[in-house]
Amino acid sequence: MSTLAPLLTSRWGDPQSWTLAAYREAGGYQALAKAFEMEPAAVLNAVKDSGLRGRGGAGFPTGVKWSFLPPPDGGPRYLVVNADESEPGTCKDIPLMMADPHSLIEGVIITSYAIGCHHAFIYLRGEVVHVYRRLLHAVSEARAAGLLGDGVMGTDFKLELTVHAGAGAYICGEETALLDSLEGRRGQPRLKPPFPAVAGLYARPTVVNNVESIASVPWIVANGADWWKSMGTEKSTGVAIYSLSGHVKRPGQYEAPLGITMRRLLELAGGIRDGHELKFWMPGGSSTPMFTAEQLDVPLDYDSVAAAGSMLGTRALQCFDDTVCVVRAVSRWMDFYAHESCGKCTPCREGTFWLRAVLRRIEAGQGKMDDLQILEDIPGSIVGRAFCPLGDGAPSSLTSSLKFFRDEYVQHIDQGRCPYDHTASYLFEAVAA
Amino acid sequence: MTYAPETLTALRADADQVVARYPSPRSALLPLLHLCQSVDGYISPDAIAFCADRLELTAAEVSAVATFYSQFKRQPNGQYTLGVCITSLCGLLGGDAIFAKLSEYLAVGNDQTTADGMFTLERVECNAACDYAPVLMINWEFFDNQTPASAVGLVEDLRAGKSVRPTRGPDKLGTFKEISRVLAGFEDGHANEGPAAGAPSLAGLELAAREGWSAPGPIGDGSDSSHPQEAGDPK
Amino acid sequence: MSAEDLVTCSIDGIEIAVPKNTLIIRAAEEAGVMIPRFCDHPLLAPVAACRQCLVDVASPAGPEGKLRAFPKPQPACAMTVTPGMVVNTQLTSAAAKTAQEQVAELILINHPLDCPICDKGGECPLQNQAMSTGRSVSRFTEKKNTFPKPLALTAQILLDRERCVLCQRCTRFAAQIPGDPFIALQRRGVNQQIGRFDASVLGVAAVADEAADEAEGDVLAVDGTPFAGYFAGNIIQICPVGALTSAEYRFRARPFDLVSTATVAEHDSTCSAIRVDYRRGQVLRRLAGDDPELNQEWITDKDRFGFHWQTAPDRLRRPLVRRGDDLVEVSWPEGLAAAAEVLGSAKRAAVLPGGRLTLEDAHAYAVFARAVLKTDSIDFRARPSSPEEAQFLAHFAAGAGTGVSLNELAAAPAVLLVGFEAEDEGGIVYLRLREAGTTVYALAPFASRGLARLGGTLLPTLPGAEASALAKLSDAAGPVPEPGASAKGPTSADAVQTLTASAAAALAGGVIVLGERLATSPGAYSAAVAAAERLGAKLVWIPRRAGERAALEAGLLPGLAPGGRALGDLTEAETTMIFGGPLDLEPGLDLPGIVAAVRAGEIDTVLVGGLELVDLPVPPAAATALKGAKVVALQVRGEGISPWADVVLPVAPPQEKAGTFINWEGRLRPFPQVLTSTALSDGKVLQALAAKLGFTLGIGELATVHQVLDRLGPAGRRQPAPAVAPPEAPALGAGEALLSTWHQLVDDAAGLDGEPRLAASAPAPKARLNAATAQGVGARAGDDLQVSTAAGAVTLPVVIDDLPNGVVHLPTKSPGSWVRVALNAANGDVVRIAASSGAKEAQP
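Residue numbers (the numbering used here), protein chains in the order written: chain A, 74 to 506; chain B, 42 to 276; chain C, 2 to 845.
Just so you know, these hints were derived from the structure itself, not from any lab.
Please note that a few of the clues may not be correct.
To be verified - Partial selection, computed: residues in chain B whose CB lies under 10 Å from chain A:
| id | residue |
| --- | --- |
| 1 | ALA69 |
| 2 | LEU96 |
| 3 | GLN153 |
| 4 | CYS167 |
| 5 | CYS171 |
| 6 | PRO175 |
| 7 | PHE183 |
| 8 | GLY226 |
| 9 | GLU228 |
| 10 | GLY230 |
| 11 | HIS231 |
| 12 | ALA237 |
| 13 | GLU247 |
Claimed, not checked - Straight-line Cα separation of at most 27 Å, BS3-like style, residue types lysine-lysine; simulated pairs:
| id | chain 1 | residue 1 | chain 2 | residue 2 |
| --- | --- | --- | --- | --- |
| 14 | C | LYS98 | A | LYS265 |
| 15 | C | LYS145 | A | LYS441 |
| 16 | A | LYS308 | C | LYS73 |
| 17 | A | LYS476 | C | LYS73 |
| 18 | B | LYS213 | B | LYS203 |
| 19 | A | LYS322 | B | LYS142 |
| 20 | A | LYS265 | C | LYS67 |
| 21 | C | LYS21 | A | LYS265 |
| 22 | A | LYS265 | C | LYS73 |
| 23 | C | LYS144 | A | LYS441 |
This structure is a prediction, so every number in the text was calculated from the model and none was measured.
C-beta: ideal position from N, C-alpha, C; glycine also.
Make a model of the complete structure from these sequences and hints.
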């Protein structure tokens with residue numbers, strides 16, 4: 074088995090990869106042709122059998138999610154692609170859509186065919202204009218080529234595809250908040266049940282899937298479930314994009330079978346920058362508990378990472394070297410959660426506000442030893458009490474950092490200042506002011 | 042509303058197109074707000090009234106949405122939003138220094154606009170380009186791997202009226218109003234400009250090519266040609 | 002309820018069976034367990050936002066039904082019980098208790114410690130739950146989130162944002178119950194706040210050339226802010242903290258100093274349950290009571306805020322007697338003697354008791370008129386009326402007992418509103434129809450905002466042409482095309498026909514609601530009776546005023562006996578029982594007849610109840626008439642009576658007497674005396690007057706009335722229904738239009754006197770007409786339109802709406818639009834319209 078296995082990233086090297094012509098040249102839209110020769114249920118079963126798990130963070134089996142849709146009742150049902158990629162550290166869907174939008178569109182068409190959807194949506198975060206251009210353009214091309222609209226590819230299958238730009242709200246990555254946002258409302262999560270499969274967009278049965286999940290579908294349909302399962306681990310099948318960032322020599326996207334270790338990925342990325350060592354890393358975005366060098370050999374699949382005390386999340390592997398003040402990093406993440414808390418529920422709204430204030434004080438050298446108790450306690454008032462998983466994830470970095478680096482917090486309080494030179498973590502030479 | 046009649050006519054025509062994209066008119070609210078920003082440069086009271094009218098909502102319902110999302114500006118925005126990513130990774134890898142430098146250079150703080158109306162400086166949260174850290178988003182186009190000096194250079198160029206090219210984006214940076222129109226879903230013809238991907242996006246792909254790594258081929262008889270995409274055969 | 006509709010579960014070890022789909026928090030209440038909560042409200046859809054009600058839950062799972070605990074505590078307000086579910090609340094689960102304490106701590110970190118100056122202090126769920134679930138000492142030492150305070154959401158409702166816990170009860174109420182989303186959550190995260198769109202509050206830069214920024218479709222209140230609806234006051238009551246306060250009540254009392262009395266509101270014919278809070282003899286506020294069959298837990302703002310009229314500066318405390326041009330205060334014995342002298346010397350008398358009476362007082366007038374004044378000229382309808390209406394009411398409503406109830410109306414397969422604007426004229430009727438999602442059709446000239454929010458369908462009808470519209474509807478019963486329900490109303494003649502047919506079909510088993518303005522629509526009542534029969538629908542009459550139904554039961558129409566029988570149908574024994582002896586009366590006159598007879602000198606004496614001349618069809622005629630007659634008036638207040646009354650006897654307003662309203666359903670709505678008072682009810686005054694005149698009448702007591710009504714027994718033979726033919730549609734000349742008019746719920750009603758903030762929050766009065774009609778007279782939206790008759794004119798800004806050609810709509814008694822006073826016109830009359838160049842007419 075090869076260490077890396079580029080599939081979804083395989084076409085990105087073509088200088089015109091986003092065009093329909095380049096995509097077709099690379100064999101694009103032939104999986105769709107194959108899908109149309111199958112019954113929709115067979116397509117659904119292929120994805121179910123493949124064991125593909127949601128690539129948006131939660132890891133729920135994609136085909137199983139589709140199968141939760143109630144039987145058709147003659148009314149509309151919707152596919153909504155979650156392209157709101159906003160989890161700090163996550164940077165895979167954006168390059169995918171910029172370089173290879175047609176792979177997503179092909180996945181959308183196949184998925185829509187499988188679940189009986191005739192109007193699909195891609196909900197893209199609004200802060201990436203060029204990606205939106207590429208998607209709009211790809212949809213125009215696809216429509217002109219008869220891949221969208223009435224009679225897709227000469228069949229009697231109809232599909233509209235609307236690409237919708239959000240407007241800046243992390244919470245819209247939560248699927249029900251995304252649906253409310255797509256309905257023109259504040260992106261605040263909905264009470265479940267009913268789940269989107271039963272009452273989603275416009276209260277109709279709806280499937281919400283991540284970009285990478287949907288872009289994996291053509292590969293599975295083309296090559297079969299068994300082929301997909303031949304990659305990865307038993308319960309984390311297939312390949313996935315690992316995004317390395319931070320103090321590594323060659324940050325970027327590394328597509329590999331699930332289960333690769335961080336140690337191996339770090340090697341591929343050239344290791345930590347010269348003269349420094351890895352201090353801590355986030356396996357799945359800032360909402361997942363941090364790891365240190367001790368966890369470098371944990372296989373990066375859903376279950377192994379969970380067993381090691383964190384979450385695979387979006388495979389957003391942010392690496393921080395020994396120049397980084399963990400209090401500063403955590404404080405900044407708490408700024409993020411407080412800024413992005415939608416405000417709906419008390420624990421997330423008030424808890425992140427409180428923790429932000431305390432962390433900022435400690436980082437500024439104005440902490441008190443009592444503050445540590447607050448930092449220990451308040452995460453417990455958020456996790457398991459918040460309305461949605463984003464609240465539950467907000468204190469992860471704090472809690473895990475206290476586990477690994479409690480001394481560093483104490484140091485800040487004792488010394489009345491941050492013991493780190495903040496410029497040392499910069500990627501460029503700090504120029505004298 | 043204080044829109045000039047011709048502005049209103051154009052807005053209404055555009056709004057009809059936006060509304061037509063959705064099964065339910067209210068879904069058009071976010072794009073309509075982007076559209077109004079392309080006219081007013083921010084979400085003005087007129088914009089609130091226009092959207093309320095068009096979608097049969099109350100002004101309170103519209104402002105509820107307009108004030109929820111961080112891209113909707115409540116004060117007239119500069120021609121260029123300088124969005125410095127300051128979330129942990131970009132911030133600690135240099136975003137903090139870039140923000141500080143720009144703030145000093147432009148003499149404005151977070152979410153403030155220069156007196157000449159050219160620049161709005163903003164601390165932005167993670168913009169999904171962590172492998173290009175530190176990242177500067179100017180009008181939501183990617184300016185990758187920035188330094189304080191490069192950021193100031195961009196500002197100087199824009200001030201001097203020079204064309205500025207995003208790292209991964211169109212050949213020429215658009216104004217805030219121009220990109221707001223794109224965000225409302227109106228193509229501007231620049232999709233085919235810029236690269237497919239930057240170097241970090243291709244890091245794994247290029248390494249695999251060098252090492253000869255690929256995904257396994259399809260299972261079974263190679264003559265099964267129904268498979269279009271030659272698995273494991275990156276171009 | 003059958004056993005299969007029940008679910009058995011356990012709450013803190015208490016086994017309890019509750020209906021399916023019961024929320025845990027409700028089931029716990031049944032079991033006597035109080036789970037702390039903020040966002041939960043039994044009449045609003047759950048949101049589970051505050052997280053205060055977290056409890057431990059386990060449910061049987063798997064084939065063996067082993068109990069499986071949820072890994073996290075669950076919100077009791079949003080999860081329904083399932084068979085075998087085991088719930089452990091804070092009382093029996095340490096985990097639930099901890100979770101609730103954690104949430105309480107977070108709820109309180111940004112809440113100010115201003116309970117000592119907060120209206121809510123002492124009746125505050127947050128205060129209570131801070132005691133039960135909060136920490137004794139806060140660990141929060143950071144700077145609290147603060148806001149400038151307070152914000153006026155409406156002229157009447159203030160918001161202190163820093164007290165708000167963002168439970169969203171108010172915004173959910175506004176959106177879900179009346180459908181008036183005038184407020185919403187604004188901004189995000191810890192900056193999130195309740196509010197309307199207010200640019201300065203939200204930090205939105207104004208448009209360069211500052212101008213009106215309202216949307217064209219916005220309805221604005223009199224004070225220029227967005228109209229918040231007629232029910233907004235309810236949000237003050239359901240706010241679980243002190244964030245929403247009433248400008249009127251703010252800082253005026255401590256809840257624990259107040260005495261609360263459950264009573265009934267006097268402002269409309271639903272007679273909602275309310276609670277009156279007073280201190281040292283002064284009413285300080287009114288709140289919604291809880292009556293699941295009527296107003297549930299909501300009331301109109303009129304019922305909530307409109308109580309100052311009872312203690313208005315012109316409130317009469319002592320009798321007044323005319324001395325030359327002046328009315329002077331005299332003692333009660335003098336006043337009674339003077340009144341007795343006037344009434345005793347009457348050659349021919351008439352009685353105008355008004356439409357706001359209790360059953361007891363109405364009965365007193367009924368008996369006093371016939372037995373003491375020997376007159377059958379009596380009419381409670383202090384408003385436009387018709388003989389056809391009187392005949393219909395005698396036929397249909399009087400003595401008919403309880404008809405269609407509000408619950409039945411809301412549950413009806415379809416409801417047709419005829420001459421009845423549910424929101425403006427029905428208040429709670431509108432809320433209940435909306436809540437139930439009842440299929441609503443309306444015969445009206447345009448789809449009002451209320452009809453639109455009911456999701457109702459308009460069957461466009463010219464004002465005054467209801468009779469022929471009803472006839473068409475009856476004829477349309479037959480095969481049915483699908484309804485293209487749209488509150489905008491149909492556009493083509495075909496569409497109208499289709500709609501009419503579907504309405505006709507839908508109304509089988511449905512209800513036709515008749516409102517008071519049909520009194521000026523000839524043939525409408527006759528057609529309604531026929532239509533109900535042909536369509537298989539029930540009829541219900543919903544008057545505006547609280548006293549009209551009781552007046553009918555008591556017989557306050559010419560020829561009408563108590564209990565709905567014709568006077569002439571009573572046996573001698575019955576007559577004696579009621580009136581104390583046989584009657585030998587000339588046929589009585591109705592209100593227009595009385596006015597004419599007084600002017601002709603045929604009637605010389607009039608006994609007047611709570612009557613406002615400005616509400617009569619032709620106020621100047623009535624004024625002239627009364628000036629020429631001897632008048633004894635029984636009034637709560639004095640304003641407006643001095644020109645024509647000879648003796649004025651003060652009577653008690655509702656809060657100073659006990660009594661019984663009969664609401665439009667026919668339901669008795671007894672209420673207690675709230676305040677200690679020496680004021681007398683109308684009945685008591687009439688009893689004293691009768692005594693002065695030598696009559697001993699058992700009047701003014703509920704027991705007496707019941708005795709009479711019970712002994713009379715059921716009405717027996719109904720009086721005949723009216724059979725008035727529909728009129729020809731009037732031909733309109735150039736510059737002429739048909740007048741459509743009804744009362745806005747909040748307007749210049751005397752019952753709202755002394756409440757300027759409520760008046761300021763009423764919808765700004767406008768003249769509505771369609772574009773073609775407006776164009777015909779050269780008026781555009783926003784221009785002033787002059788609507789005139791020979792009597793005078795009303796001038797209001799134009800709103801273009803989907804009215805039929807040649808129809809103009811005005812509110813009946815709103816600021817600048819006192820239609821009866823200015824135009825002496827009623828719904829369906831022909832008026833002149835013109836674009837106005839001159840100044841607006843002075844307020845009458």
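Holds or violated: are the alpha carbons of LYS21 of chain C and LYS265 of chain A at most 27 Å from each other?
holds, 18 Å
Has the given pair, LYS144 of chain C with LYS441 of chain A, been kept, meaning a C-alpha gap of at most 27 Å?
Holds. LYS144 of chain C to LYS441 of chain A sits at ~16 Å (cutoff 27 Å).
Evaluation of the interface hint that places GLN153 of chain B against chain A, nearest CB under 10 Å:
This hint is violated: GLN153 of chain B lies away from chain A, its Cβ roughly 17 Å from the closest one there, beyond 10 Å.
Taking the closest Cβ pair, is PRO175 of chain B under 10 Å from chain A?
holds, 7 Å
Tell me if the interface restraint on GLY226 of chain B is satisfied: Cβ within less than 10 Å of some Cβ in chain A.
Holds. Min distance 7 Å.
Holds or violated: the hint that GLY230 of chain B contacts chain A, with Cβ atoms closer than 10 Å.
Hint on GLY230 of chain B: holds, closest Cβ of chain A at ~9 Å, below 10 Å.
Does the nearest C-beta of chain A fall within a distance shorter than 10 Å of the C-beta of HIS231 of chain B?
OK, holds: HIS231 of chain B within 10 Å of chain A, min 6 Å.
Can we keep the ALA69 of chain B interface hint, with Cβ of chain A closer than 10 Å?
With a minimum Cβ separation of about 7 Å from chain A (threshold 10 Å), the hint on ALA69 of chain B holds.
Going straight from one Cα to the other, do LYS476 of chain A and LYS73 of chain C come out at no more than 27 Å?
The hint holds at about 23 Å.
Interface hint for PHE183 of chain B, Cβ within 10 Å of any Cβ on chain A:
holds, 7 Å
For the hint on LEU96 of chain B, does the least C-beta distance to chain A fall short of 10 Å?
holds, 7 Å
GLU247 of chain B as an interface hint toward chain A, with CB separation required under 10 Å
Because about 7 Å separates GLU247 of chain B from the closest Cβ in chain A, which is inside the 10 Å limit, the hint holds.
The structure shown violates just one earlier hint, number 3.
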